[in-house]
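Going down the list, the sequences are from chains A and B.
Using UniProt numbering, the first residue of the first sequence is number 1, and each one after it goes up by one.
Using UniProt numbering, the first residue of the second sequence is number 1, and each one after it goes up by one.
Derived by calculation from the structure, the hints in this document are not laboratory data.
Only a predicted model underlies this, so the values are computations on that prediction, with no experimental measurement involved.
Please note that a few of the clues may not be correct.
Note that the list lumps identical chains together, so a pair holds whenever it fits in one copy or between two copies.
[As the list claims (entries may be wrong)] Straight-line alpha carbon distances no greater than 30 Å define the calculated DSBU-like cross-link-like pairs of lysine-lysine that follow:
hint, residue 1, residue 2
1, Lys459, Lys245
2, Lys25, Lys575
3, Lys479, Lys528
4, Lys250, Lys285
5, Lys452, Lys561
6, Lys400, Lys575
7, Lys465, Lys25
8, Lys479, Lys491
9, Lys250, Lys528
10, Lys598, Lys491
11, Lys576, Lys285
12, Lys22, Lys525
13, Lys396, Lys452
Letter by letter, the chains look like this.
2 protein chains.
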Amino acid sequence: MASLKRLLIGSPMETKRLKHEKLPKWKALAVFSSDALSSVAYATEEILLVLMLFGTSVFFYSLPIALAILGLLLIVTLSYRQIIYAFPSGGGAYVVARDHLSTTTSLVAGAALMIDYILTVAVSISSGVAALTSAFPSLLPWKVEIAIALVLLLMILNLRGITESATVFAYPTYLFIISVLVLIAVGGWQLWHEGWHGFNYKEHASAEHFFTSGYGMFILLRAFASGCSAMTGVEAISNGVPAFKPDSSKNAAITMGWMSLLLGTMFLGITILAAGFGVTPMEHKTVISQIGHHVFGNSVFFYLFQMITMLILILAANTSFAGFPQLVSIIANDRFLPRSLAARGDRLVFSNGIILLSALSILLIVVFQGETHSLIPLYAVGVFLSFTIGQSGMIKKIWKEKEKKNIATLATIMTGTFVTGLVTVITILAKFTQGAWLVIVAIPLLVIMFYKVRHHYEKLGQQLKLDEKEWREREKIVKPKVIIPISGVSKVVAQSVQYARSISNDITAISIIFHEEEEQKLRAKWEKFYPDIELKVIYSPYRTILSPLLDYINDVEKETKGSPITVLMPQFIVKKWWHALLHNQTAIVLRFFLTIKKDVVVATLPYHLKE
Amino acid sequence: MASLKRLLIGSPMETKRLKHEKLPKWKALAVFSSDALSSVAYATEEILLVLMLFGTSVFFYSLPIALAILGLLLIVTLSYRQIIYAFPSGGGAYVVARDHLSTTTSLVAGAALMIDYILTVAVSISSGVAALTSAFPSLLPWKVEIAIALVLLLMILNLRGITESATVFAYPTYLFIISVLVLIAVGGWQLWHEGWHGFNYKEHASAEHFFTSGYGMFILLRAFASGCSAMTGVEAISNGVPAFKPDSSKNAAITMGWMSLLLGTMFLGITILAAGFGVTPMEHKTVISQIGHHVFGNSVFFYLFQMITMLILILAANTSFAGFPQLVSIIANDRFLPRSLAARGDRLVFSNGIILLSALSILLIVVFQGETHSLIPLYAVGVFLSFTIGQSGMIKKIWKEKEKKNIATLATIMTGTFVTGLVTVITILAKFTQGAWLVIVAIPLLVIMFYKVRHHYEKLGQQLKLDEKEWREREKIVKPKVIIPISGVSKVVAQSVQYARSISNDITAISIIFHEEEEQKLRAKWEKFYPDIELKVIYSPYRTILSPLLDYINDVEKETKGSPITVLMPQFIVKKWWHALLHNQTAIVLRFFLTIKKDVVVATLPYHLKE
């Protein structure tokens, strides 16, 4: 076990090695924007999928929707640039809300962020696998298995601790940016020459009743909400300001600008190409792969493009493997989550958080069968909810801390807050029945859980504090009463008796028999070896050992008030693992129930078998 | 937990309630023949499925194959009737071979029987679900899940112990017999009126090269081997002679005759109807359901017939739940299997055997995706192997025990042995690549496992026998050295120290810290409460607790040779189950590794949390 762990995860690392690498802008862009940029691989498709409910005749409306999302992106970018300048120390929505809003608000943000991180893994990996299967449809039957394998791969890599993260991230991110820009350029040129042969506003004037019907408006809103999945991850840079080279705020703000520009260009370009080429969402071919196929034909470039898309999506999933364990460790340090999530493992990473994230995202992938568009409705709610809370906290912070309040800054962030808050509400309403309700239910449940955990730890601390009174009481020494359960007279019993004699003079052996006639034989043998130790024999007509033993201990407790009871339990230590299956596992069950049900000390005596 | 167990399984039962109900013939027929009779639900289909490899033109040959199987059934019935008269005490192939042939032979029979029982569950349940989905194709996507649910249902029922078995068995068995006989009668009448519109020897004279080609002969043999699955379970009556009312031998022999007559009639009738109606095996409709549909139309009788078929197949699976646990308990009593399989649970049933059977048959159902015909090739080998070994043992027994040997009896059993031996060989050869090889591989592996288990128990007995020398050595009393791992000073530590003082004077507390600066604070607090107890502080740069602790114990062992080391471990006993997740599970891991890796006593001190 230990050696397998070392092989997969590597040797342990000292606490002192924990330090931070300072990143130049071009590397920081790669590290912080893979999540945001990769979403162009599915956002356009999600818009079209919703519009398709009304029919392909309204596909043209993907363009105005994309423009609306670009507007939203602009507002959010401006808001976060102000936040970067105002608070260069970074900090996510949970910390900001904890420090400047209320505890409950911070926990709502924490729950929303946790869900987001899990969904980022599930959505990105599912979408990455879709990129793969669009190129190689023969892999379709195994898409869930491939997705699970990828999550496990990320889990192992992250349990090792990814040290050269920045450089490793840079190549695929820039490859993806370049290839999408090439795709847009070549595709645009083709569109210019071949002419717009896709969805056209004039042609589809028949779709006029789209706007007049309430259902049409609802579809539009829902498509908009789906498209907002393009914006997931744009806040990443504002949380990571300290990782930038100085002057870090300025560098971060510039990088944020570049990222939004790239994201906007890529998203709009892909949406225009989809409309221009008349691409329709298909079950087993992603929209972006259809555009790729249209532009690059069946050439090697198409396959390369699909592989690069898959790679960036895997990197996007990987960002959660940094963010989620960090977040839960902060929440666990605030004692709202189990302590085990706060501790770094021997490779300096938050191992339990990584494992928890992997398990939950695999669960989502299995439940939703690796379908990106089934997961999307769950995604946007949490993202925009945490945007809103995070920005609100910043407003409060600026209000409290800054002497000279900059009205422009405040106004920009307030606009951002208002718009993201509105999008949150739109998303909840438009996507409620598609799965958004799950998130709406999960967040309060998580918050309740947080409080329950905290309550337990608080009560625990009070209970365990050692005081003078308790200490004085505990100074009273009483010899324990020792009980040795036996089933015969063997070397194991001899060992137990020897140990019992070394710790007490008050020893009783107890044997539980299933057939009354066994008693005499056992007593005879016992008298031969241990005439000085009392043997109690109990006949159990129901062939259970536990309940007569518990009854007996009850009686002993009543008799001898105050003196602690110690039960000796032998445990066979076997030479080969499968030998463990050959020994009555009664001892393990007994030990478990004795410690849980009674106030007795259970001493386990190892008996090492020679073969 | 305990109350859930009681709800599902019922209250415990006394050992004395273990007694036998004596059955009249009509009830005994129902109890012992559900396995054999139910196989007509799939045997014909298995023959046709093999013939289909050559083409439907040779379907007519299902009739001569069925006749050959009837001949085989006649020989085996006669042989077992002689066995019933010769040995009214019953006993399966394992016991007979153990007592009258060699140990290895008996273990081969034991392995073959174990595999048979597991396959009986897997095949019968899969076939039962096929009966259900033939009537209700909408249930097809869940066929594996339904099969698993049925196995679990049988498991729970059998863990309760089925008391009114005989009567419960009687209704479905007779319903099945009657409905198949009605099916044959009505179907025969229809065939008479409509004329033979199925497979015809003359029409298919073109299939002449079937016999001249080696492949054709091979197909015929393979179809025969598949059809032999009709004979599974015919030996059941001979094992259960003591359950019959006196004169038990005579009654059992009569019942055996009736069972074979019914089995033969039903099997032949169904095979003739399949040929006459020209039924072809289909993926999602069983052959017998197609006949049922042909005869009863889409009326309620068709659905009733399918439900009754399913019911008898579930009952057939249930017979394994009686046989398998009984068999493994006999083998475990001979110490060839873990002792835990020999013990009756508190409801007087062999609980572990029942759970093992359920787990293994569910595994088979999942691996073979609940496809009856994928499981059949594995089935016949074990059945006929145990027939052969069982009958051989009987011949040996008669030879040894009976003064006046009855030549006719011996000749009959010998013929039976020879024929079943021949069928075993045919089955292995004809079905080898279809899965029979699995059984051929599994049986020797099981036999090796049996011997390894026995070897371990023998060595164990020798090791544990208490002798004078060991006893004298163990009379020497040395106080234990007590080690208390701590992480701070709390009420829990006070409790541990109090206990430690009650059992020894040689006490050391040990604390493993992750940051060097923690030491001073801890020492100050410790000195305040326990200045007389040594505190050892170890800095662990890799944030692991286990290895520094093991190293320390190594050092202590070297220092103080001979005196036993006792490690005290507190265990929080929580009020709500989920609180257990909130406490560092380090203690559990430590306890595990300490008992396994070092020769130390681990004493678990329960600390009951109040809330």
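Taking the hints in turn, this is what the structure says about them:
1. Lys459 - Lys245: neither (45 Å within a copy, 68 Å between copies)
2. Lys25 - Lys575: This pair counts as neither: shortest intra-copy Cα distance 57 Å, inter-copy 53 Å.
3. Lys479 - Lys528: Both: 27 Å inside a copy, 25 Å across copies.
4. Lys250 - Lys285: For Lys250 and Lys285, the Cα distance exceeds 30 Å both inside one copy (41 Å) and across copies (72 Å).
5. Lys452 - Lys561: Close neither inside one copy (36 Å) nor across copies (49 Å); limit 30 Å.
6. Lys400 - Lys575: Close neither inside one copy (66 Å) nor across copies (43 Å); limit 30 Å.
7. Lys465 - Lys25: For Lys465 and Lys25, the Cα distance exceeds 30 Å both inside one copy (50 Å) and across copies (74 Å).
8. Lys479 - Lys491: Both. Shortest intra-copy (25 Å) and inter-copy (20 Å) distances satisfy the 30 Å Cα cut-off.
9. Lys250 - Lys528: neither (88 Å within a copy, 54 Å between copies)
10. Lys598 - Lys491: Both: 28 Å inside a copy, 19 Å across copies.
11. Lys576 - Lys285: Neither: 51 Å inside a chain and 49 Å across chains, both beyond 30 Å.
12. Lys22 - Lys525: So Lys22 and Lys525 fail the 30 Å test inside a copy (75 Å) and across (41 Å) alike.
13. Lys396 - Lys452: Result: close within a single copy only, 28 Å intra versus 72 Å inter.
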